[in-house]
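A.B. asks: Those sequence lines, one after another, are chains A and B.
So the number in this note's numbering is just where the residue sits in the first sequence, counting from 1, plus 378.
So the number in this note's numbering is just where the residue sits in the second sequence, counting from 1, plus 139.
I should point out that these hints are in silico values taken from the structure, not numbers from a laboratory.
Some clues are possibly wrong.
Stated by the list, open to error - In the EDC-like style, the derived pairs of lysine to aspartate or glutamate whose C-alpha atoms are separated by at most 16 Å in a straight line are:
{"hint": "1", "chain 1": "B", "residue 1": "K209", "chain 2": "A", "residue 2": "D412"}
{"hint": "2", "chain 1": "A", "residue 1": "K442", "chain 2": "B", "residue 2": "D187"}
{"hint": "3", "chain 1": "A", "residue 1": "K404", "chain 2": "B", "residue 2": "E211"}
{"hint": "4", "chain 1": "A", "residue 1": "K397", "chain 2": "B", "residue 2": "E211"}
{"hint": "5", "chain 1": "A", "residue 1": "K708", "chain 2": "A", "residue 2": "E502"}
{"hint": "6", "chain 1": "B", "residue 1": "K177", "chain 2": "A", "residue 2": "D555"}
{"hint": "7", "chain 1": "B", "residue 1": "K177", "chain 2": "A", "residue 2": "D412"}
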Amino acid sequence: MKLIDRYVAEVGKRLALVKGRADIEKELRSTLEDMLEDRAEKAGRPRDEALEIELLKEYGAPDKVAATYNPHPYLIGPRMFPMFIMILKIVIAAVALGLTIATSIQVMKQSPMTIVELLKAIGEWLLNIVSASIGAFGNIALAFAIIERFAPTSEFKVDDDEKWDPASLMKEPEPDDVRPWEPILAIVFIFIALSIFNFNPQWISIYILNDGQWSSFPIFTGAFFRLLPLMNIAWVAEIILNGMLLRSSRWNVSTRLTSIGIKCVQIAILYLLITGPAFLAITPESLQATEIFDADSAQTLGSMVQTGIRIALGLGIFGTLVEIVKAGYKLVTQKPAAAA
Amino acid sequence: MTNTESLENVVLELRRGVIVLAALSQLGTEQYGYSLLKQLADLGLEVDQGTLYPLLRRLEAQGLLESVWKLEEARPRRYYVISAEGKKILPKMKKEWAGIVSVMDKMLA
């Protein structure tokens with residue numbers, strides 16, 4: 379095998395995911411053959427290995443050559459980058475705020491604390507912020523990298539100066555318009571939920587002050603946390619949806635369809651919670667163990683909670699179905715987007 | 140970054156901006172990549188092969204060029220030629236270029 383063939387194969391390896399790889403390899407081989415012939419003629423030298431090495435050295439490293447054919451040199455390209463940064467800032471701020479509130483509650487609950495315990499709590503708070511921020515960065519970067527590759531080019535376009543009309547600033551707000559604080563608030567709360575449910579599920583507890591001593595018992599059982607991966611998917615999708623709303627400032631076909639998709643996942647989660655094993659740890663037994671309730675009261679209250687939560691989730695499914703119908707109706711009746 | 144590097148980058152950007160027009164203007168008759176590269180060099184525009192070949196593929200994907208493989212001297216070569224769409228756009232690009240040159244001439248005079 380000639381060096382040129384090996385070189386072309388090396389470049390080809392780096393173009394595994396590029397469309398038209400075989401074509402690129404064929405053209406590269408043909409070009410290198412032409413260049414080699416030309417060089418040999420001009421220099422009056424034979425087409426030997428030394429000349430091939432000289433040529434290939436000049437042509438460039440396979441990595442560099444392959445990179446020129448790569449249609450996606452960016453993980454997150456220029457069209458998505460401003461939104462990526464915006465969501466990242468909101469999320470990191472939300473994570474820091476959520477963890478600060480949670481740590482403050484924890485510190486108050488354990489007070490009085492010694493200096494060492496307080497310093498330990500502060501250290502854990504900082505570590506939690508760093509690890510949660512790194513996790514959030516990774517998740518958001520992954521979500522945006524996927525959108526970058528698969529979202530239609532027509533979406534997330536930077537405003538076109540020719541189409542934008544300053545007169546549009548005079549029009550009254552329309553029902554499809556989205557006020558910026560709504561998606562920001564949604565992103566903040568979803569991230570607080572994501573952080574707590576994934577990183578500190580022990581915080582989701584009922585706290586009881588009994589004889590000057592705080593005690594707590596968890597609200598959810600393992601059956602609830604088995605559905606956490608599905609909930610995470612719905613939450614990450616909600617963050618992306620709110621990012622899209624923040625950028626476009628109005629509901630459009632893509633955002634409505636995404637919203638309907640997320641609501642379908644939410645219905646699936648609610649259905650699995652209702653039909654699965656008990657997901658609330660508030661049972662007659664756990665209530666009795668708090669020593670606040672006597673056996674009869676604990677039995678009555680525990681049964682009411684178990685039945686009541688399933689009725690509430692059933693109503694939740696009904697409400698979500700109504701929202702899907704409303705979103706579908708708006709999807710059909712919405713006005714085409716004005717030049718914005 | 141040194142001044143020399145900055146200058147090299149600016150010159151590279153300037154050249155990159157004209158390669159599309161240069162390539163389209165020379166592909167009235169079909170040529171394979173290396174012959175186009177040499178022709179541009181002979182006319183005074185040195186273009187890096189790593190820039191030209193992906194550019195030709197991009198212009199073809201945009202419908203401004205057409206290409207066909209031919210077997211010559213026992214070697215397959217991909218020949219490029221300007222498409223009907225490219226022929227429509229080329230005069231507009233030339234006019235735009237003339238405008239830029241005229242403005243810059245005034246500025247630099």
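A.B. asks: Of the hints given before, which are not true for this structure?
C.D. replies: 4, 5, 6
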